[in-house]
Amino acid sequence: MEELNEQRILVVDDEESITDIVSFNLLKEGYKVDVAHSGDKAVAMAKAAEYDLVILDVMLPGIDGYEVCRRIRSSSNVPVLFLSARDTELDKVVGLELGGDDYLAKPFGIRELLARVHALLRRAPQQMSSMEEGVRVMDVSGVHLDEAGHRATYNGTEIELTPREFELLATLMAHAGTVLGREQLLKEAWDWQYVVETKTVDTHIKRLRDKLSSVGLSPSVIETVRGYGYRFVKNFVNPA
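For the sequence shown, position 101 matches number 220 in the working numbering, and the numbering has no gaps at all.
Each hint should be verified, as a subset may be incorrect.
For lysine-lysine, the following PhoX-like pairs were computed, each having C-alpha atoms within a straight-line distance of at most 20 Å [what the hints assert, rightly or not]:
{"hint": "1", "residue 1": "Lys166", "residue 2": "Lys151"}
{"hint": "2", "residue 1": "Lys306", "residue 2": "Lys318"}
{"hint": "3", "residue 1": "Lys318", "residue 2": "Lys330"}
{"hint": "4", "residue 1": "Lys147", "residue 2": "Lys166"}
{"hint": "5", "residue 1": "Lys225", "residue 2": "Lys318"}
{"hint": "6", "residue 1": "Lys325", "residue 2": "Lys306"}
Ranges between beta-carbon positions, derived for each pair [said to hold, decoys possible]:
{"hint": "7", "residue 1": "Glu216", "residue 2": "Ala267", "range": "37 to 47 Å"}
{"hint": "8", "residue 1": "Glu279", "residue 2": "Val356", "range": "23 to 33 Å"}
{"hint": "9", "residue 1": "Lys225", "residue 2": "Gly181", "range": "13 to 23 Å"}
{"hint": "10", "residue 1": "Gly335", "residue 2": "Met178", "range": "37 to 47 Å"}
{"hint": "11", "residue 1": "Pro226", "residue 2": "Glu186", "range": "30 to 40 Å"}
Hints in this document: simulated from the structure, not taken from any laboratory.
Even glycine gets a Cβ: it sits at the ideal position worked out from N, Cα and C.
Can you make the complete structure from the sequences, with help from the hints?
Rendered as structure tokens:
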């Protein structure tokens, strides 16, 4: 029988009890799973194979999860879900700023873990088709975004985005000129139905602005509306 799910996930944790239970439940969901118990091994495996998601512990022997994420990000936009017993706001912000897409504190429930995995993989580019209903091609303020091709450019220059950043930009552009609250962005961009700190949105907005700035577009194309959220500016005139 043909396999229904070809998505491969790398699970990285030095505790075998964690990798065992996470792998077991991911396999039940139909995913292919590889496991690493150290940061060095995880980096080597991420370079040697293509993964659709990396589930990454922060506290690892050798190089820690933050450094693993940094190294993965140097060559790949694969979604990264951090798992950690360190759950302060600062820990989460550091993980997200280094390129993580989500951060789940230990101990965690398997249902919540699977919900986050599904949300991260929900609109992975390899799952999308140009024939898919609702797929958009948008041109706003010099940014061209093609959802089917999972590609965004500014004046012809490609904007290198993680899946989270891409979905956030797509949602902002689809509602250009309209202020979107943080909770609305969490739901529309990433289909997050569970409780999560809206600080996550602020961190991803900062990263998205940095990416836009790197291709020559002023980060002020995304306006902050104090007390509510963010707005992507229509007909934005980039400063000379």
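Hint by hint, here is what the structure shows:
no., hint, in the structure
1, Lys166 x Lys151, "holds, 17 Å"
2, Lys306 x Lys318, "holds, 14 Å"
3, Lys318 x Lys330, "holds, 19 Å"
4, Lys147 x Lys166, "violated, 26 Å"
5, Lys225 x Lys318, "holds, 19 Å"
6, Lys325 x Lys306, "holds, 19 Å"
7, Glu216 x Ala267: 37 to 47 Å, "violated, 29 Å"
8, Glu279 x Val356: 23 to 33 Å, "holds, 24 Å"
9, Lys225 x Gly181: 13 to 23 Å, "holds, 20 Å"
10, Gly335 x Met178: 37 to 47 Å, "holds, 39 Å"
11, Pro226 x Glu186: 30 to 40 Å, "violated, 24 Å"
In this structure, the hints that do not hold are numbers 4, 7 and 11, in rising order.
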